[in-house]
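Participant: The lines below spell out each chain.
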Amino acid sequence: MDGGKNAGTRMKLVVVGNGMAGVRVLEELLKLSPDLYDITVFGAEPHPNYNRILLSPVLAGEQKLEDIILNDLEWYRANGINLHLGKTVNRIDRIARVVEATDGTREPYDRLLIATGSDPFILPIPGNNLPGTLTYRDIHDTERMIEATGKHREAVVIGGGLLGLEAANGLALRGMKVTVVHLMPWLMERQLDKSAADMLQKSLEAKGLAFRLSAQTESILAGDDGHVRGVRLKDGTELPAQLVVMAVGIRPNTKLAESAGLHCSRGIVVNDTLQTFDPRIYAVGECVSHRGTAYGLVAPLFEMAKVCANHLAQMGIGRYPGSRVSTKLKVTGVDLFSAGDFSGGEGTEDIVLADPGAGIYKRLVIKDDKLAGAVLYGDTVDGAWYFKLLRDGTSVGPIRDRLMFGESNLGDTGHQGQARAASMADSAEVCGCNGVCKGTIVKAIKDKGLFTLEDVRKHTKASGSCGSCTGLVEQILMFTAGGDYSTAPKKKAMCGCTDRTHQDVRDAIRDNHLLTIPAVHAHMEWRTPNGCASCRPALNYYLLSTWPREAKDDPQSRFINERSHANIQKDGTYSVVPRMWGGETNASELRRIANVVEKYNIPTVKVTGGQRLDLLGVKKEDLQAVWKDLDMPSGHAYAKALRTVKTCVGSEWCRFGTQDSTKMGQELERALWRMYAPHKVKLAVSGCPRNCAESGIKDVGVIGVESGWEIYVAGNGGIKTEVAQFFCKVKTHDEVLEYSGAFLQLYREEGWYLERTVHYIARVGLDHAKKKVVEDAANRKALWERLQFALDGEPDPWHEPQKAGVDLRQFEPLGA
Amino acid sequence: MSLDGSARRFIPVAKLEDIPKLGARRYCRDDGKVIAVFRTESDSVFALADACPHKGGPLSQGIVFGESVACPLHNWCISLASGEATAPDEGRVERFDVRIVDGMVELAP
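Chains A and B supply the protein sequences, listed in that same order. When the letters of the first sequence are read in order and numbered with UniProt numbering, they come out as residues 1 to 816. When the letters of the second sequence are read in order and numbered with UniProt numbering, they come out as residues 1 to 109.
Any given hint could be a false lead.
What the hints assert, rightly or not - Within a straight-line C-alpha distance of at most 20 Å, the following computed EDC-like cross-link-like pairs (lysine to aspartate or glutamate) qualify: (1) Lys21(B) x Asp571(A); (2) Lys461(A) x Glu84(B); (3) Lys55(B) x Asp571(A); (4) Lys552(A) x Glu41(B); (5) Lys448(A) x Asp89(B); (6) Lys31(A) x Glu84(B).
What the hints assert, rightly or not - Derived coverage of chain B by chain A (criterion: at least 3 residues anywhere in the stretch with Cβ under 8 Å from a Cβ of chain A; other residues may be distant): (7) 14 to 24; (8) 51 to 58; (9) 70 to 82; (10) 92 to 104.
These aren't lab readings, by the way, just hints derived from the structure by calculation. Where is the CB? At the ideal position from N, CA and C, for every residue including glycine.
Same shape as in the complex, but just chain A:
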C-alpha cells in the first residue's frame, strides 16, 4: 500500500477482528474521515469479511460462499488497509501500544479496536472433542458440516435455538436424518411462547426433522474408530449420529482483552461511546458488554459501529444507548418473527389470534398502552411494522382494535400490505413512484450486501420518493437479508450532514436563539460546509417559524418552487394557481384568467382538487407578467404553506345547509393565508354533516351542525389516507378561527419539516394537542396571537416581490 500523501504523520489504527462489526466501523470511519489513520486489520480466519448471518443459506445450499463476501480483497487494497489474514493476535502491550500475533507479527497503534466476536459455547460433557463433533460459527464449521453430509447419514444437533434449528434445517436439506436435542420444554424459548413453538415444531417435523425436548445430553459416544457414533441422553436413550453439532449459545470472546488487563464482565465492558477502560482502546460487536448486555445479532452491532466510527473520527458526537432487537428464523418456508418481551406478567395484556388450521398464530403483548412484544408465526408480513411501533414506543391505544390486522388495515390506500413481501413475484412493482420492482430490490440487497433501508433507497430509489412503500421495502429487506437487518434507529439524524435529529435542532434553535443557518451549523457542528438539499430547507423553516420577523429568510435554502413562487413541472415550465377565496370566483377574475391564458399561450388550464384553476406550462420568463396580469393573490399551491380552504355552498343556497360554510371558509382562508408550515396545509369547511367539502380528510376540517361547528384535525387524503380525528366543538366563527389557528400554530412550532399534521399527531398524540389548545384557554390565545404576529405584514410574493425577498434576477436569462 502506498499510504497516501500524509503517510508517516497519520495516526495508526489497528483492528483486531475482521468480522462484520470491525469492518463496519472501518466503512463508517472511511466515510467520515478517510485520511485520518493508517489502518491495519488482523483476521484469524483466512477469508475477507463475509456476512455471517447468511451462513445458514450456505449450509442449506441456497447460496454459495462467494455470494456472502461483503468486502473482497480489492476493497482493502483500494482503501489502503494493511490486512493480516489468518493471524491471531494474542498479546496487547498497552504500555508500548503494540499488538502481537502468534506468528510474531507486531503492529504499533495509536487507537486499537477490538472486534473479536464470540465463541460458541461448548458443553462440558465427555466426548465433546471427538472427531465429528462441531460447533456452528464460521465458514470453516460450515464447510466441515457440508463435507460431513456427503459421508454420513445421521446427525444430532444439540440446541433448539435459532442457530441450532437453522443448522438442523440445512443438514436435513442436504439429505441427513437430523434429531434436535433441546434442554427446554419448547423450541426457541427465548424468542417464542409455547403456542408458536409448537406450530414451528410441527412444520419442521413435516420437513423431516425429529425432536427430543426437555432432554439433557449426558455424553457424546465414540465408535471403535474414535469417531462420533452417537449421543446419550440423561434418561439413557442413545441417539445414533456420525455428526454432532453443538449450538447451545455463544460467549463473548474476551480472552485477548482480559490478558491485556481490560475490564471484562461477560464481555469487554464499554461505555456509550464504545470505549473500553483504556481510552485508546475501543471494542464493538459480540465481544462487548454494554450496560450489562451482550448482543448476538447484527442490527445492534451496526448501530455500535456508527457511534464508534464517529468517535474514532474525532467528531465526538453520538452515543450508543443500547438496542432493541427482533428475530427472524431463516428457514425457507417457515415464517416466524419475534421481538420484545412477551413473557407477560403483571400489567400486560395479550391480544392473540390463533388459526392452527391455516398455520397462523399471532400474539401481541401490550403494556401501558404500548406494544411490548410480538410473536408472529405463519404470517409475518407486519413484523417490521410491529417492531417499529415497539421500538418507537408509539401509543397504540387509538388503533388497538385494529392492531392485530396489521398496517394495511389502518385506512391505507398505498401499497403497503397489498401483497406479502415474501410471496410477491420478482416482477411485481414495489415502488410506484420510481418504478422499482421486487426483483431489482432483492438483487441489490444480495449483490451489494445492503443492510439498511437507507442503503436500499440509495441504490434502487425504492421508497425514496413518497415513502408509501417503505414498510414493504423493509419487509423485503427483512426477508432477503435475513431479518436481523439494521433498521433505522429511533433517533434518526436529519440527514447525512449531522447526527442531530429534527427535534435536537428545533430545541437548539429555540434555546440558543439561533437566527441563521451558519449559526446553526456552527453551534451543532455540521459536517458539511453548506449542509445539503435536504437539511437546508428544514433549517430555514425552523429559523423562520421559531423567530418570526427576526430570522431572515434565505431563498437559496428553499426548494425552487418556493424560490420562484410557482410549481416546477417535468419539462422545466411552471404552473400558476391564483387564490380564489373559499373556492369562489366571479366574472371579472375568470375574464382576466382567460386573457392571460391566451396572451401567454398557456397550454393547459385545469380545475384542481382544491377548487381553483391551475395554469400549466408557463415559461419562467413569463411568470412575473402572468402574476401582474392576473391581479389575483398567490394561491401558494407551490409552497409548504396554507393551500386551499375547500368549502361547500352551505346554508346560503343549499336546502340542507345548517351553517354558512363558504363564508366560514373564506374567513379561515383570509386569516391563515401566507402561513408557511412544516408541510402543506389543507382545510375544508362543510355546511352540514353530509360533508360535501370532504372535511374528514383535511389537516383541519370543519363541519357545521345545527348548534355550531365541529372541528376535526390531522386528516390526510394523500399518500396514506387518514380520517381526521374529532378535536372539539365550538359555537362561533371567532372560535373556529381561534381553535383552528392555535392548532396550526402548535404544529408550526413543534412539527418536523415535511411532517404532515397526521404524522405530527401520530408522534405527539392527539391528547397533547387537545391539552395545549382545547383545555388550556390561555395557551390557546397565546398560540393564536403568535400566529397572528408571524403573519402580520407577511407579503404576497406575487405582488410585493421585493418585500418577500424574491430574487428577480432568476426570471432573466444571461446573454439574452
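Based on these hints, arrange chain B on the given structure of chain A.
Facilitator: Here is chain B on its own, set in the frame of chain A:
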C-alpha cells in the same frame, strides 16, 4: 464537448455579484442550448449544461451546497466540478469552462 478552437473563446456573461451565492443563472446560447452558471459560497464558479442526466431537469433551479447541486425534479446530486452524478446514481452532464476576470464571470459556451 467540441473543441474546434472557437469553443474555448471566453465571453463575459455577468458580474460575479449578479449570480446569487449558492445559486445559479441561466445562459442561453444562440442555438437554444441553456448553460447553468453556478456560484458557490466561496465564490468559485462552475458551468454545466442545464439538463440533469436523469430526466433533463433544469439544474440551474436546484439547491447548491458545497460544490454540488441537487436537481429540482428528482434530487439527483451532480458535482459542479466534474458534472458527474453522485454514486450510486450514474451519469454525467456536459461541463463548460468558466472563470472570473476582474469580477466578471467569463464563460466559454
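Participant: All hints, please: hold or fail.
Facilitator: These are the hints, each one checked on the structure:
| no. | hint | result |
| --- | --- | --- |
| 1 | Lys21(B) x Asp571(A) | violated (25 Å) |
| 2 | Lys461(A) x Glu84(B) | holds (18 Å) |
| 3 | Lys55(B) x Asp571(A) | holds (9 Å) |
| 4 | Lys552(A) x Glu41(B) | holds (18 Å) |
| 5 | Lys448(A) x Asp89(B) | holds (14 Å) |
| 6 | Lys31(A) x Glu84(B) | holds (19 Å) |
| 7 | 14 to 24 | holds (count 6) |
| 8 | 51 to 58 | holds (count 4) |
| 9 | 70 to 82 | holds (count 6) |
| 10 | 92 to 104 | violated (count 0) |
Hint compliance for this structure: hints 1 and 10 are broken, all remaining hints hold.
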